[in-house]
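Kindly generate the complete structure, drawing on both the sequences and the hints.
First to last, the sequence lines map onto chains U and Y. Number 238 in my numbering belongs to position 238 of the first sequence; there are no gaps in the numbering. Number 10 in my numbering belongs to position 10 of the second sequence; there are no gaps in the numbering.
Think of the hints as simulated: they come from the structure by calculation, not from any bench.
Label pairs and their in silico Cβ distance ranges:
| no. | chain 1 | residue 1 | chain 2 | residue 2 | range |
| --- | --- | --- | --- | --- | --- |
| 1 | Y | PRO206 | U | ASN9 | 56 to 62 Å |
| 2 | U | ASN229 | Y | PRO206 | 37 to 43 Å |
| 3 | Y | THR111 | U | ALA428 | 40 to 46 Å |
| 4 | Y | PRO206 | U | GLU73 | 43 to 49 Å |
| 5 | U | PRO326 | Y | SER76 | 34 to 40 Å |
| 6 | Y | ASP165 | U | THR410 | 48 to 54 Å |
| 7 | Y | GLU255 | U | GLY192 | 20 to 26 Å |
Every value quoted in this text rests on a predicted model; they were computed, and no experiment measured them. Beta carbons: idealized from backbone N, C-alpha and C, even for Gly.
In case you want the letters, here they are:
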Amino acid sequence: MAGVLFGGNGRKDDLSYEGVRVVDPTEGIDETLDLTIEAGVITKIEPGSGANGRVVAPAFVDPHVHLRTPGREDEEDIASGTKAAAAGGYCAILAMPNTEPAVDSAAVLGALVERAKEEAEIPVGFLAAISKGQEGAELTEMVDLAERGAAGFTDDGRPVASPGLLRRALQYHVVTGRRIAVHCEEAALSRGGHVHEGLVSAELGFGGYPSVAESVMVGRDLMLAAYENQPIHLLHLSARESVDELRSARSAGVQASGEVTPHHLCLTDDAVRSLDPNVKMNPPLRAEEDRQTLLEALKDGTIEAIATDHAPHARHEKDVPFEEAPFGVTGLETAFSVLYTRLVEPGSLSLAALIDRMSAGPARIYGLERPRIAVGAPANLVVLDLDRTWRVEESGFKSRSPNSWLLGQTLKGKVVETVANGKLAHSA
Amino acid sequence: MAEVTPLIRDELLPPRGPERRHLISITDLTKDDVERLLALARTFAASLEREVKKLPALKGRTVVNVFYESSTRTSSSFELAAKRLSADVMSIKASGSAVDKGESLKDTALTIGAYDPDIVVLRHPHIGAPLVVANATTAHVVNAGDGTHQHPTQALLDLYTIDEDLGGIAGLHVAIVGDVLHSRVARSDIQALVLMGARVTVVGPPPLIPRGIEAMGCEVSYDIETIKDADVVYVLRMQRERMLEGANYVPSLREYTARWGVTPGRLRPGQKVMHPGPMNRGVEIDPVVADAADALIERQVRSGLVVRMAVLYDLLTHGPVEVKVAEIEEVA
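Have a look at this one:
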């Protein structure tokens, strides 16, 4: 499917890598090779020798980014967000439509597309809203939006409260062919909740946001997708019960996909004891049992994609008591490194699986061209130094917002180069 | 000089601030810390028996009380505690201050911090507020209640009251009754009582008992008859102001009172009754119970003064100190 990624074009570079370990799980490659790229296209792949310690892999695709544009360019804009993405090893990202105004008309989308062509460091796609103003009442003009280049549809940030409205959106998928993605949250159960309802919320006194607030909506949305026989994508899954629902729907033949964030794979609600507003996000960090279930689902492919849910917030908005702070953390620039450090190094996840879920998995869900290491393919690749350790510092961020849960931490494995659509977009 | 026992566990220090001592949660304290504070409070209580009640212990020190929520007991007792110890005291209420003009807590803290206070006492409606002040100033921060999280000096004064009246805490059975979900007092008291070796049972309707609270070391009962087994019945205020509209925690106050109200008929003779105040007489507590001889409610208020003197003194003198307040020269 062409026409849903914009910007990041222009220069096509000539590059070569000698004696690199190439890992492309879909192509079945894990060996030392020499690569030649001419005018942005991979032209030669030859046996190499004398491995230089670097890994070349298909570049990453982030299916869930908040670029805060239009409306909150003080927090992020297309230029800063795509530079941050390039620094994180991404060759394509998809932006969410919960902006001010929401991306709910061809006019708003068209303006974004034009800006992306001017400013984006790497290709970016835009999901459009399911409902006007994301208010859950009136359907957007989905066919027009798809024609103008919407990469998919979602009311992310909010659930689609009305099953009737979601059903209509799924029916229009027949015409648009663009994936419907849902933020699963039953507001009547999550209202007043700041953190996962569990032992930590009981002890600290927080209003609880129970797992069932997510899973009850996951169940409903999967039933609607099954009934309409249309695909559906479940955003940022956090709860064990949601994974169970997704797994059984998939085995029953429902075209359902899911994504999980680095923070839900690495942290539990125990982190909330710090009362640091940078561990406050929606859905919230849950229990260790949930984290283990998410990791298992990621490994067995029930969850196909890792999504950062990169959610920049202005410094002063997070510099408040935990209970007053908005939900959301950044993630584009740390996703690979933290997952490599916390999951691959200790042996909980293979490097090949991590690369697949950060690249081919999300591309498949949204029907994007899969980044691949193959002769004749456009160069979309990332160069990784798995031995390099680095400290996460605010001053190193390309993102405009500093709300990372990893500030001050030392990570192993670093993205040293990103080639996106034939252009060297990042080099560290 | 005895070795200094920090009042706060390392991992609970504010994430990026310099190391210093605060009292934000009961979990900041060890059993030794609590015993030291209670002993110190007893010493101060003795000093208050005298004609001249003021001690020069914190002369030249500055204590700022910042209250974002209404309070009678806590704010007045912190103020008087600081004055009894000869500290300079400033009390700021959110209403009528720059907070009304939209100033953030961080900016208010920076403003207060410019006066180099030794201690900031903070009452705030939101969990985590003391950390914002701790990060923005160099003062020791005392949490005087942050939302539904913690109210550590209330728990300490409750321990002091029980200890004075019953001659010990370990081995006692304390029933905490009512709106546990919204109660920072309940959470602080459960932790403090369990720390000191008491048995704690929380009692109330299921929606007002947080799921998983047993992990704090208490038992749970939904039957008001359970309180008959307790040595102390601790009655919580129904916090209607913290309840979300339409959340249906209780179908009606009438039914709540009928099922879970603490009435004379539900107590056995000799059981001690406590309440953190302010009371909703006729809702969670029957007025006869509130005014009975076995009620320790007024004693709790008296304890508040000496316990808060102990906390302020301890934070600024980096206890534990074998303090002999009786030997300290009285202010003329």
